[in-house]
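Counting from 442, one number per residue, gives the positions in the sequence shown under the numbering used here.
One should not assume that every hint holds.
Okay, the calculated beta carbon distance ranges per label pair [said to hold, decoys possible]:
#1 His616 <-> Ala539: 32 to 38 Å
#2 Gly587 <-> Gly662: 50 to 56 Å
#3 Arg633 <-> Asp586: 43 to 49 Å
In silico SDA-like links for lysine to any residue, alpha-carbon gap of 20 Å or less [what the hints assert, rightly or not]:
#4 Lys702 <-> Arg633
#5 Lys717 <-> Tyr744
#6 Lys519 <-> Lys717
#7 Lys476 <-> Gln486
#8 Lys654 <-> Arg613
#9 Lys669 <-> Glu652
#10 Lys654 <-> Asn533
#11 Lys515 <-> Gln500
#12 Lys443 <-> Thr487
Bear in mind the hints are in silico, worked out from the structure with no lab data behind them. Just so you know, even glycine gets a beta-carbon here, dropped at the ideal spot from N, CA and C.
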Amino acid sequence: MKLIRYPHHWPISGNTCVTIGNFDGVHLGHQALVKTVVAEAKARQTQSVVVTMNPLPAQYFNGRMAVEVLTPFKHKFKLLANLGVDVMCCLNFNRQLAAMSASHFYQHILLHGLQAQHVLVGDDFRFGAGRQGDFPLLQELAAVDGVSVQRMPSVMVQGHRVSSTRIREQLRQGHLTQVEALLGRQFNVLGRVAKGKQLGRQLGYPTINLEWKSGAFSLRGVYVVKIKIKGRWWPAVASVGYNPTVGGNAKRIEVHVLDFKQAVYGQSVEVLFFQKLRNEVEFDSLTALTAAIETDVQQAREYFANNSGEPV
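Input sequences plus hints: build the corresponding full structure.
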C-alpha cells in the first residue's frame, strides 16, 4: 500500500474510488467500508484510496489527550494494508484544513486532488468546516461532475452500532470479549521496546517496556496477554498504567513474559490482550507489589493452561 500525504503529494495520478474517515480501530464497520471500496475500485479498474487524518480532528481541537487512541498511525497503516487498499491518503489536519468549506473540500481534495470517480462514506459522515457538509450535500456536489457517491449503513453487533466510541467504553470496562466482537479480532498494541527503570528485574519479574505516546489510552490495569517477539508468540502478563507504587508519571505498558530471559531492547513487538485481571493499585510497599505480581503471573499461567490463547 502506498502512503501519500496532503498537501505534499498532490494531486494523485489516475482515477480512484475513495472512502473517508478517522478509521481509529479499523473495526468491523471500517472494514466493511474499506472492503467495499476495494471491490468497487477493482470493478472499475481504478485505485482504492482510504482518506484519514493526522492528528485526529478531536485531537487538533481539544488536545492530544482528548481521544483514547485505538490504533496509532503506523498500526492503522498496517491494518489497512492488510485489507488490500492501494493508497492511504493522510490529510494533515491543521488550521487550513479545519477552516476548509465543505464545497472546497469536495473540489480540492476529492475531485481534483484524488481524481475520485466514486466516493463511499459511512452513515454518520460529515465534512468541511464546522462539519457543515453531509451526505445530501456530497450528492449534490458530486452530481455536477458525474462522480458517484454511496452511503453505507452502520454495522450492528448484538443490537448495537459498531463504533470506536463503543470500543473505547468496552475497553475501559475491561470487556475484552466484547471488544473482540466489535473489532473482528483481539485488541492489540504495536510498539518498540524501550529501556525502563529495571525495577521489575530487581523484584524478580523483568519486564518489556513500551511507552504510549499517541494520546490517551483506554486500558489501565493488569491483563493476561501474549507478546510477539521475533515472529514468535509468548504468554505474558502486562501492567498498563503509571506505576504509582514507585512514583511513575508516564503511561506505559510493562510486559512480563513467562519463562523468557532474552534482551530485546529496540525490537518491534505486538501485544495481544485476552483478559483483565485487576485494576492498577498503589501498594504500601515493594513487598506487597511483588506479592501481587506473583499472583498475577499465577493467574496468567492458569489462563493459558485452560485456553489456547491463539491470536485470531
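Hint check results:
1. Range check, His616 to Ala539: Cβ separation about 34 Å, and the 32 to 38 Å hint holds.
2. Look at Gly587 against Gly662: about 53 Å separates their beta carbons, and that is inside 50 to 56 Å.
3. Separation of Arg633 from Asp586 is about 44 Å and conforms to the stated range, judged on CB atoms against 43 to 49 Å.
4. Restraint check for Lys702 and Arg633: the C-alpha separation of about 17 Å stays at or below 20 Å, so the hint holds.
5. For the hint linking Lys717 to Tyr744, the alpha-carbon distance of about 11 Å falls within 20 Å, and the restraint holds.
6. A distance of roughly 26 Å separates the Cα atoms of Lys519 and Lys717; the hinted pair therefore is violated under the 20 Å criterion.
7. About 15 Å separates the Cα atoms of Lys476 and Gln486, which keeps this hinted pair within 20 Å; it holds.
8. Note on Lys654 and Arg613: the hinted pairing holds, with a Cα-Cα distance of about 18 Å set against a maximum of 20 Å.
9. For the hint linking Lys669 to Glu652, the alpha-carbon distance of about 17 Å falls within 20 Å, and the restraint holds.
10. Distance hint between Lys654 and Asn533 is fulfilled; the C-alpha atoms sit about 18 Å from each other, no more than 20 Å.
11. Restraint check for Lys515 and Gln500: satisfied, since their Cα atoms lie roughly 17 Å apart, inside the 20 Å limit.
12. At most 20 Å may separate the alpha-carbon atoms for a hinted pair to count; Lys443 and Thr487 meet this at roughly 14 Å.
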